[in-house]
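Here the sequence shown stands for residues -1 to 321, numbered as in the numbering used here.
Calculated directly from the structure, the hints in this document are not laboratory data.
Warning: the hint list may mix true and false statements.
[Said to hold, decoys possible] DSS-like cross-link-like pairs, simulated, lysine-lysine; straight-line CA separation at most 27 Å:
| no. | residue 1 | residue 2 |
| --- | --- | --- |
| 1 | 299 | 272 |
| 2 | 53 | 272 |
| 3 | 132 | 53 |
[What the hints assert, rightly or not] Label-pair ranges, simulated between beta-carbon atoms:
| no. | residue 1 | residue 2 | range |
| --- | --- | --- | --- |
| 4 | 196 | 118 | 17 to 27 Å |
| 5 | 224 | 272 | 54 to 64 Å |
| 6 | 111 | 242 | 14 to 24 Å |
| 7 | 316 | 233 | 51 to 61 Å |
| 8 | 50 | 286 | 15 to 25 Å |
Every residue, glycine too, gets a C-beta built ideally from N, C-alpha and C.
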Amino acid sequence: MSLLFLVLCAVLVGILIFQYLFREEHRAAEYELEHYNQAYGTFPFLSADLCVASKDVELTAPLDETTFAAGGLFDLSDTETLYARRVNERVYPASTTKVMTALVALQNGNLEDVVTVSANAANRAADESTCDLKEGDQLTLEELLIGLLLQSGNDNAVAIAEHVAGSEEAFVEMMNAEAVRLLATHTHFVSPHGLQDEDHYTTAYDLYLIFNEAIKLEKFLEIIRLDSYNAHITHADGTEEDVTWEASNLYARGEAELPTAATVIGGKTGTTQKAGNCLILLSEDDAGNRYVSVIMGAESKDLLYTDMTALIDEGVAGAVSSE
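Using the sequences plus the hints, can you model the full thing?
Here you go:
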């Protein structure tokens, strides 16, 4: 009798878990469908200037696709997708989230504003990527953006969000609204920094859409070209300090083999255990044609840059030879 009772309890628990997971997946699907219909109905003209990626596109010389989750190469000059692998499948963006954070801040903030870092922004976990900001530190919004994109400071992300929108939550609403406007309808943000959360996701293609919009802004381009930056910080006690922030992008640091078919201009990295190693880049060939390349979920940092270099070299060389 007791065994039968335990079996029935186990079955009931299993059913409840299944129903919960189904509801969560259904809720996410409804969110994406609702915002896709909203975006498509309001901004259908945007797609004319964008690369389309409705299915996988292979390179002439195939990549080793076993080492990353999704990837794409987009020719901005000809609005052509040169390579696409699982670009419309859900992935976790990690700190590539900060492309959207920077975009929304640049659209809505004043770069000359002096921002005071809150306790909420400064109190980051020991294993987070930060610029080591302290409560009460003062620096400009522009400098916060540089630390955000260059050294990938989560503290910078929160300070930016609070300054621009009044709170992280309000800023995230702005991020999601901008994603809808850009037709990045398979994307949902819950933070300005991208720490792992099951409800914080994107696709490689959506990330291209967001990055493609950000690189239209000269200040964004100026920042992602940097390999380091000396920031001036005024602390809460009035003392001043100059600190150096280094690029998280190994191409900028001279620690990864550069592609030969195009010059890397800059981009944004992202890494968490679940997201894997992620990178989105802007590069330019000798003729001035520009390309956005993205790899999500690489198994290691070394493989991320090996795969990215191969993607740019094979894809750009193939595009140039076919002209």
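Consistency of the hints with the structure:
The hinted pair formed by residue 299 and residue 272 meets the criterion: a straight-line CA distance of about 14 Å does not exceed 27 Å. Our distance criterion of 27 Å between C-alpha atoms is met by residue 53 and residue 272, whose separation comes to about 25 Å. At most 27 Å may separate the alpha-carbon atoms for a hinted pair to count; residue 132 and residue 53 exceed this at roughly 46 Å. The hinted window of 17 to 27 Å between residue 196 and residue 118 holds, with their beta carbons roughly 22 Å apart.
Look at residue 224 against residue 272: about 29 Å separates their beta carbons, and that is not inside 54 to 64 Å. Separation of residue 111 from residue 242 is about 23 Å and conforms to the stated range, judged on CB atoms against 14 to 24 Å. For the pair residue 316 and residue 233, the supplied restraint of 51 to 61 Å holds, since their beta-carbon distance comes to about 52 Å. Separated by about 23 Å at the C-beta atoms, residue 50 and residue 286 satisfy the suggested range of 15 to 25 Å.
When held up to the earlier numbered hints, the structure conflicts with 3 and 5 and fits the remainder.
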